[in-house]
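With chain B fixed as given, assemble chain V onto it according to the hints.
Protein chains in written order, with our numbering: chain B, 2 to 349; chain V, 62 to 387.
The set of hints was computed from the structure by calculation and includes no laboratory data.
Owing to the predicted nature of the structure, the values given are computational and were not obtained by experimental measurement.
Each hint should be verified, as a subset may be incorrect.
As the list claims (entries may be wrong) - Covered, in the sense of this in silico footprint (three residues per stretch, anywhere, with C-beta under 8 Å from a C-beta of chain B), are these stretches of chain V:
#, region
1, 107-119
2, 157-166
3, 174-181
4, 192-203
5, 213-223
Ideal Cβ placement from N, Cα and C applies to all residues, glycine included.
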Amino acid sequence: MTLTDASASSSAPAQRKLSTAKAMVEAIAQEMERDEDVFVLGEDVGAYGGIFSSTTGLLEKFGPRRVLDTPISETAFIGAAIGAAVEGLRPIVELMFVDFFGVCMDQIYNHMAKIHFESGGNVKVPMVLTAAVGGGYSDGAQHSQCLWGTFAHLPGMKVVAPSNPADAKGLMTAAIRDDNPVVYLFHKGVMGLPWMAKNRRSIGPVPDGDHVVPIGKANIVRPGSDVTVVTLSLSVHHSLDVAEELAQQGIDCEVVDLRSVVPLDTDTILESVGRTGRLLVVDEDYLSFGLSGEIIARVAERDPGLLRAPAARVAVPDVPIPYARPLEYAVLPTPDRIRRAVLDLVNA
Amino acid sequence: MEPDGRLGLYRMMVLIRTYEETILREYHADKKPVFDIGAGLIPGEMHLSAGQEPVAAGVCAHLTADDAVTATHRPHHFAIAHGVDLDRMTAEIFGRVDGLGRGRGGHMHLFDPATHFSCSGIIAEGYPPAVGQALAFQRRGTDRVAVAVTGEGAANQGAFHEALNLASLWKLPVVFVVEDNDWGISVPRSASTCVTSNALRAAGYGIPGQRVEDNSVEAVHAVAGEAIARARAGEGPSLIEVHTLRLWGHFEGDAQGYRSDLEGVPGRDPLPTYEKELRAAGVLDDAAVSSIAEQARDRVEAAIAFAKRSPEPDPATALDFVFAQA
Chain B
2 MTLTDASASS
12 SAPAQRKLST
22 AKAMVEAIAQ
32 EMERDEDVFV
42 LGEDVGAYGG
52 IFSSTTGLLE
62 KFGPRRVLDT
72 PISETAFIGA
82 AIGAAVEGLR
92 PIVELMFVDF
102 FGVCMDQIYN
112 HMAKIHFESG
122 GNVKVPMVLT
132 AAVGGGYSDG
142 AQHSQCLWGT
152 FAHLPGMKVV
162 APSNPADAKG
172 LMTAAIRDDN
182 PVVYLFHKGV
192 MGLPWMAKNR
202 RSIGPVPDGD
212 HVVPIGKANI
222 VRPGSDVTVV
232 TLSLSVHHSL
242 DVAEELAQQG
252 IDCEVVDLRS
262 VVPLDTDTIL
272 ESVGRTGRLL
282 VVDEDYLSFG
292 LSGEIIARVA
302 ERDPGLLRAP
312 AARVAVPDVP
322 IPYARPLEYA
332 VLPTPDRIRR
342 AVLDLVNA
Chain V
62 MEPDGRLGLY
72 RMMVLIRTYE
82 ETILREYHAD
92 KKPVFDIGAG
102 LIPGEMHLSA
112 GQEPVAAGVC
122 AHLTADDAVT
132 ATHRPHHFAI
142 AHGVDLDRMT
152 AEIFGRVDGL
162 GRGRGGHMHL
172 FDPATHFSCS
182 GIIAEGYPPA
192 VGQALAFQRR
202 GTDRVAVAVT
212 GEGAANQGAF
222 HEALNLASLW
232 KLPVVFVVED
242 NDWGISVPRS
252 ASTCVTSNAL
262 RAAGYGIPGQ
272 RVEDNSVEAV
282 HAVAGEAIAR
292 ARAGEGPSLI
302 EVHTLRLWGH
312 FEGDAQGYRS
322 DLEGVPGRDP
332 LPTYEKELRA
342 AGVLDDAAVS
352 SIAEQARDRV
362 EAAIAFAKRS
372 PEPDPATALD
382 FVFAQA
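Looking at chain B on its own, in the form it has when it is part of the complex:
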């Protein structure tokens, strides 16, 4: 078994490369082979293979008994996954776009997330809720949100968001094996889809066989000494691109990929900020009351003296994601905005 620790995920030994989508599917298939109780359900997860290719090929391999297409009834099929999990099965249930959570949120936060607690630990809900997040392709305000902060705010569910193929596999394996409900949020922009502008790291090396990335361990994907950039999902790649560019100007960014929002790896963030003295949080979720504020608060609570300059953040400035390309890119955490924020920090 390859157990990836906080410092080694994307530097796994060179081998075959997979897209993030294929890496995700590989993890699901391996777990389905390993455990008869693992099954998949959701809209278009069968013959279509998942709108974002998150279940491609599973129907052919495992048949309709283990890969269940559902009607467009998120409340019913997510609730059904909860009931099945309570009875000991290990469902993976796809909520196609995370933006649809409103139609089934009661099942998610009042049932999936609370049953273990309300039962005093006597009932477990071992399930994975997957959903696509993120914008950047003009899908408008109801199909482009990230919303991980919303799930993270409500106790009882783990929340993960991989940025690369190896982590997508490792986090999925960990999520399926976890006895808790895990919300697994995959950004469309990191999936390596043939019909969407691809980030160059959305296809990458993925370990064969068992590969587990522990939930709750951040990854320092680029060490640096001047600024800590804490981020996740697609924004990791924008941040890395900016870091490479600024390195030529002598600015050395450390990029921390959170990988997991709940639990949040506060220690890794503090250690990094302790080294650099500067903190920028890049978050494709909304600015206020969310992840960026949480991270800065944790640093300020633990040791405000770590910061040589006021902490900064680049997030969606509390506006629904606009449709028109220039408007959308004005609010997303683009490399331009990240670069400006880093420069402001080091020049402060």
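The following block gives chain V in isolation, referenced to the frame of chain B:
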């Protein structure tokens, strides 16, 4: 129906009523002189099910602990009829460490894995998980069934309809039970839907639907027997609606000023009605009635005593059980 079966139904109804009367007593005992919902040995809202005993007794008589029951925010009658441990259930209602949820759930959130019992404080939202339990039973090749309960007000919720549709589509062993007690808190059924019987809605999902009009435990027993046998045989879900009776308020402390049917309510109490019927049939006499009542009282008082003996949870453990430990 055989005398033994009838006696069993009666005994269960008496146990449930005795339980609810005793909880009522304990709930109000230390909330005076001015009613304070958060004060006393049992804090919080309290929704009691007196008058609805026939539904739980009639349905659960067909179930074993392997079958699942998902009840509503008014859950006690179904919990008792399904055989949830009375001591631990009572301790949970009292918020004690020996409670089903170690004091984390309370009376609307009772979870008992031993009998696959759960309930939900959110209207209609207990239906989808019941569908999932039935899915698990079906996948494992068992003849176990899941019973999902709501009130008639919940039949206007999306979760209700989605659950019926999915269960029908996948031919799952679920029996959907609607307790029509005429009132969604203060709103009468006539003000919430034009559908005269929720059993009619079953047709919209291609499943059988039947309404029991008179809150008769034996009628419920008969209709539920068919539905549960059908589910066990792999023939899919059914819907049962029982026109039952909310004898008391929506919650304790509800003055029911809105209620237009109160005058006739005592006369509709199903317990004396059934007792009279069994006496007339020679199944019950004075001695049996008092012995059954006494047994129920003893059992319930023992549960209350168990709950009171159990300590309150240590505040230092308030953060426990959010996540399962690896």
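So, going through the hints one by one against the coordinates:
1. 107-119: violated (count 0)
2. 157-166: holds (count 7)
3. 174-181: holds (count 4)
4. 192-203: holds (count 8)
5. 213-223: holds (count 3)
In terms of the numbered hints stated before, the structure departs from hint 1 and from no other.
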